[in-house]
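There are 2 protein chains.
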Amino acid sequence: MHHSAGEGEAGSRPARGSGAGVSIDAERLWTTLVDSARFGGTERGGLHRLALDEADAEVRAWLESAAAVAGWPVQRDRIGNQFVVKPGRRADAEAVLIGSHLDSQPLGGRYDGVYGVLAGLEVLRALAEREIEHERPIILANWTNEEGARFSPSMMGSAVFSGSLALDEALARADAGGATVAEALAGVGGVAAPTAERPSVAGIHAAVELHIEQGPELEATGTDIGFVSGVQAIRWIDARVSGESGHAGTTPLGARRDALVAASRIVAEVAGLGETVDPDIRPTVGELVVTPNSRNVIPAHARLGLDLRHPSAGILDRAERTIRQAAARIAADSGTSVEIEVILDQPAVVFDSGVLEAVRSATRSLGLSGADLISRAGHDAMQLAARVPTAMIFIPCAGGISHSEAERITPEWAANGARVLFETVAELSGARR
Amino acid sequence: MHHSAGEGEAGSRPARGSGAGVSIDAERLWTTLVDSARFGGTERGGLHRLALDEADAEVRAWLESAAAVAGWPVQRDRIGNQFVVKPGRRADAEAVLIGSHLDSQPLGGRYDGVYGVLAGLEVLRALAEREIEHERPIILANWTNEEGARFSPSMMGSAVFSGSLALDEALARADAGGATVAEALAGVGGVAAPTAERPSVAGIHAAVELHIEQGPELEATGTDIGFVSGVQAIRWIDARVSGESGHAGTTPLGARRDALVAASRIVAEVAGLGETVDPDIRPTVGELVVTPNSRNVIPAHARLGLDLRHPSAGILDRAERTIRQAAARIAADSGTSVEIEVILDQPAVVFDSGVLEAVRSATRSLGLSGADLISRAGHDAMQLAARVPTAMIFIPCAGGISHSEAERITPEWAANGARVLFETVAELSGARR
Chain A
1 MHHSAGEGEA GSRPARGSGA GVSIDAERLW TTLVDSARFG GTERGGLHRL ALDEADAEVR
61 AWLESAAAVA GWPVQRDRIG NQFVVKPGRR ADAEAVLIGS HLDSQPLGGR YDGVYGVLAG
121 LEVLRALAER EIEHERPIIL ANWTNEEGAR FSPSMMGSAV FSGSLALDEA LARADAGGAT
181 VAEALAGVGG VAAPTAERPS VAGIHAAVEL HIEQGPELEA TGTDIGFVSG VQAIRWIDAR
241 VSGESGHAGT TPLGARRDAL VAASRIVAEV AGLGETVDPD IRPTVGELVV TPNSRNVIPA
301 HARLGLDLRH PSAGILDRAE RTIRQAAARI AADSGTSVEI EVILDQPAVV FDSGVLEAVR
361 SATRSLGLSG ADLISRAGHD AMQLAARVPT AMIFIPCAGG ISHSEAERIT PEWAANGARV
421 LFETVAELSG ARR
Chain B
1 MHHSAGEGEA GSRPARGSGA GVSIDAERLW TTLVDSARFG GTERGGLHRL ALDEADAEVR
61 AWLESAAAVA GWPVQRDRIG NQFVVKPGRR ADAEAVLIGS HLDSQPLGGR YDGVYGVLAG
121 LEVLRALAER EIEHERPIIL ANWTNEEGAR FSPSMMGSAV FSGSLALDEA LARADAGGAT
181 VAEALAGVGG VAAPTAERPS VAGIHAAVEL HIEQGPELEA TGTDIGFVSG VQAIRWIDAR
241 VSGESGHAGT TPLGARRDAL VAASRIVAEV AGLGETVDPD IRPTVGELVV TPNSRNVIPA
301 HARLGLDLRH PSAGILDRAE RTIRQAAARI AADSGTSVEI EVILDQPAVV FDSGVLEAVR
361 SATRSLGLSG ADLISRAGHD AMQLAARVPT AMIFIPCAGG ISHSEAERIT PEWAANGARV
421 LFETVAELSG ARR
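Protein chains in written order, with the UniProt record's numbering: chain A, 1 to 433; chain B, 1 to 433.
Honestly, the hints are just simulated from the structure, not real lab data.
A quick note: this is a predicted structure, and the numbers were derived from the prediction, not measured.
Heads up, the beta-carbon is just placed ideally off N, CA and C, and yes, glycines get one too.
A few of these clues could be false.
Claimed, not checked - Sample of chain B residues lacking proximity to chain A, with all beta carbon distances greater than 12 Å (derived):
hint: 1; residue: Thr-31
hint: 2; residue: Ala-196
hint: 3; residue: His-205
hint: 4; residue: Phe-227
hint: 5; residue: Arg-256
hint: 6; residue: Arg-295
hint: 7; residue: Asp-345
hint: 8; residue: Val-350
hint: 9; residue: Ala-406
hint: 10; residue: Arg-432
Claimed, not checked - The calculated label-pair distances, taken between Cβ atoms and stated as ranges, are:
hint: 11; chain 1: B; residue 1: Arg-324; chain 2: A; residue 2: Gly-163; range: 54 to 60 Å
hint: 12; chain 1: A; residue 1: Arg-198; chain 2: B; residue 2: Ala-186; range: 43 to 49 Å
hint: 13; chain 1: A; residue 1: Val-342; chain 2: B; residue 2: Arg-318; range: 41 to 47 Å
hint: 14; chain 1: B; residue 1: Ala-166; chain 2: A; residue 2: Glu-341; range: 47 to 53 Å
hint: 15; chain 1: A; residue 1: Val-34; chain 2: B; residue 2: Ser-312; range: 44 to 50 Å
hint: 16; chain 1: A; residue 1: Ala-186; chain 2: B; residue 2: Thr-180; range: 31 to 37 Å
hint: 17; chain 1: B; residue 1: Val-34; chain 2: A; residue 2: Glu-341; range: 48 to 54 Å
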């Protein structure tokens with residue numbers, strides 16, 4: 001979809017609907033999205049910007065320049081989270097916290113996380129440009145390592161910020177090459193050097209994260225805005241298959257204990273959970289590593305990384321039982337052994353009804369359509385929700401495709417979400433208009 | 001099994017059977033096997049010595065020292081093959097070529113290849129010690145990169161020597177880290193520096209490779225020696241599955257194009273070829289690489305490395321057709337595309353009946369038992385067979401286990417094979433006793 005007429009003039013014309021007459025600059029938002037994608041952008045229109053890699057260092061520096069131009073201080077905590085602070089009229093008031101993350105999946109999309117940070121930047125810019133005063137400080141966060149693709153676990157920065165993950169434990173986590181988070185932070189240089197333990201505000205009044213849906217519902221129903229009432233439960237399971245290596249040309253079929261053949265049956269079992277357990281489950285084997293992985297050697301070991309999600313943890317319990325039973329059966333059939341280990345068990349999250357009401361009200365005031373939904377992906381807001389009143393805003397994304405270079409949104413969707421964020425932040429921060 | 005009484009005195013007592021009264025030193029052979037396993041030896045009694053890595057460089061230097069002590073020149077060609085030359089009485093006579101390879105699979109066994117080189121060294125030592133003169137030169141070869149685990153293709157050194165692989169093409173092949181064979185050879189230093197295009201002999205009269213069976217037949221039937229009449233056909237196939245990446249938590253089941261789910265079905269299809277095509281086939285998927293291989297991303301790509309073997313190429317044709325049909329069906333079912341490519345198609349090899357008769361005669365003269373069999377593994381002798389009269393000698397290996405740290409032989413099996421090699425080489429080289 002192309003940039004629709006009038007988007008570029010959103011600052012000089014009334015927004016769609018009856019509400020606010022001043023809002024964000026849709027053209028500047030889109031330009032900023034396109035511009036910042038040069039840091040780690042791929043030829044196929046995606047983004048490859050892993051946490052604390054070179055491209056991430058560049059986009060962090062870029063964000064700090066943008067804040068400096070506007071005169072907003074940037075603060076950083078010890079896990080590398082960046083906080084752009086726009087002061088309010090009352091220095092002692094608790095802040096409104098917005099933002100998301102600038103890191104991506106390997107060969108991921110341009111909008112997952114990035115959109116939430118850049119739309120937040122646009123909200124700050126619009127407030128400043130229009131000289132709109134607000135009571136509370138507004139903090140725009142770029143959370144470190146939301147994706148978890150380079151360093152595990154995901155949502156690392158927001159988990160440390162919220163106290164659910166110890167700083168020292170996070171700093172000690174290593175990537176596949178053996179580099180720790182602490183080393184990677186040091187490698188990024190000045191734009192990851194800590195300035196303070198926490199942002200210099202009295203506390204957090206409310207948090208709002210704007211994000212693409214990463215699912216097909218909003219686009220399919222022609223809805224502008226998603227009111228995200230919570231996040232589905234997530235369970236990560238490792239399955240380790242041990243067989244015996246052997247010569248591919250000589251070992252008779254009956255004497256084989258092939259770890260990959262057994263692992264393949266586990267993959268099929270996981271893929272079938274929609275039929276065997278519940279059609280609404282999201283079951284994925286995203287990782288499979290074979291050892292020794294040499295063509296003419298029967299595989300001795302295989303490690304599978306599973307990701308299971310469902311709004312109900314009870315369904316995930318049933319899925320886990322099904323996998324454990326299947327693994328035992330497959331191990332017995334194939335002469336292998338299979339170990340099953342739950343490495344993450346994240347309960348469902350329910351977001352704050354007060355913050356959600358502010359989002360609904362903003363959407364109504366703009367004349368946009370909205371619908372309640374749950375998030376099927378994990379987000380930094382999940383971590384914040386344990387400590388402060390939190391909610392999320394979703395915009396559509398094309399075909400529900402995400403974590404992919406093919407991830408796409410339209411300028412109109414981007415502008416709608418930023419307008420809703422603008423009105424929500426204005427409301428929560430006590431803006432005077 | 002323990003070293004049986006008398007093995008250590010093999011040099012001072014008549015060998016079992018009625019034939020030769022002088023032969024190899026079984027104790028020295030075993031000590032040499034144990035001693036040289038320190039180069040790349042693993043804690044679990046295996047060997048991890050990839051072509052031209054540090055351990056391979058060490059064992060090459062060790063072999064050259066052993067030759068130097070005995071006064072035999074070592075020559076090296078441009079692909080790094082090492083040739084220990086024991087001169088014969090007739091400098092113009094074509095040589096007898098023995099040996100095998102000193103590289104191993106990743107976490108492989110101590111005997112595959114290594115045994116053939118070290119038993120050959122023992123034969124040279126025994127001939128020298130007993131001052132047995134022979135008409136023809138005897139060349140002991142250590143062929144570069146037989147395993148193909150670090151650099152593809154396997155049997156690289158012998159293929160270049162035999163002219164079936166161009167030197168420049170071999171030198172340009174790169175490992176997973178991007179290092180080429182040429183660079184790896186340079187990195188090994190002096191013990192891989194070429195001394196000549198070819199060994200300085202008039203030609204090759206005959207070649208014999210002694211090796212462990214890497215299969216269960218000899219041990220199961222209590223047979224001492226295998227007369228290897230040929231090698232089964234080998235076909236290597238790459239299958240590349242392309243789907244679409246996506247977010248593991250959000251993408252609905254019906255919208256997924258998961259490359260790993262499709263790849264797993266191909267693995268099952270390959271594993272079933274014993275039932276669908278022929279029970280004597282050896283079908284293996286030894287390699288599977290998933291991209292992006294991140295737990296919470298639906299796999300976009302999967303590459304499978306297949307190894308299919310059977311004495312009849314016609315059966316491999318049927319197996320390949322079966323895989324192509326299954327791949328098309330799986331692709332259609334799963335919304336993925338699958339490309340199938342044959343990357344190696346090696347016909348069955350028939351060894352030389354004259355050389356085999358020398359092996360049979362040697363076995364008989366020693367009072368050992370022997371049986372005809374075919375090799376199910378590829379060997380350097382396959383390459384040589386295209387150019388010179390060639391055969392192989394097998395000894396048993398425990399449980400048929402190979403390409404594994406669990407690979408084992410007994411000192412008695414090792415001694416028997418070396419004695420047969422000694423008698424065979426004595427016969428072929430015109431020894432005077």
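Checked hints:
1. Thr-31: Thr-31 (chain B) clear of chain A: closest Cβ-Cβ about 26 Å, beyond 12 Å.
2. Ala-196: Given that every Cβ of chain A is farther than 12 Å from that of Ala-196 (chain B), nearest at about 31 Å, it holds.
3. His-205: 29 Å, holds
4. Phe-227: Given a closest Cβ separation of 17 Å, the condition holds.
5. Arg-256: 8 Å, violated
6. Arg-295: 4 Å, violated
7. Asp-345: 14 Å, holds
8. Val-350: 17 Å, holds
9. Ala-406: Label violated. Min Cβ-Cβ 7 Å, cutoff 12 Å.
10. Arg-432: Since the minimum Cβ distance to chain A is about 39 Å, Arg-432 (chain B) lies beyond 12 Å and the statement holds.
11. B:Arg-324 <-> A:Gly-163: 54 to 60 Å: For Arg-324 (chain B) and Gly-163 (chain A) the Cβ distance comes to about 56 Å; the hint holds.
12. A:Arg-198 <-> B:Ala-186: 43 to 49 Å: 55 Å, violated
13. A:Val-342 <-> B:Arg-318: 41 to 47 Å: Holds: the Cβ-Cβ distance is about 44 Å, inside 41 to 47 Å.
14. B:Ala-166 <-> A:Glu-341: 47 to 53 Å: 49 Å, holds
15. A:Val-34 <-> B:Ser-312: 44 to 50 Å: 60 Å, violated
16. A:Ala-186 <-> B:Thr-180: 31 to 37 Å: 34 Å, holds
17. B:Val-34 <-> A:Glu-341: 48 to 54 Å: 39 Å, violated
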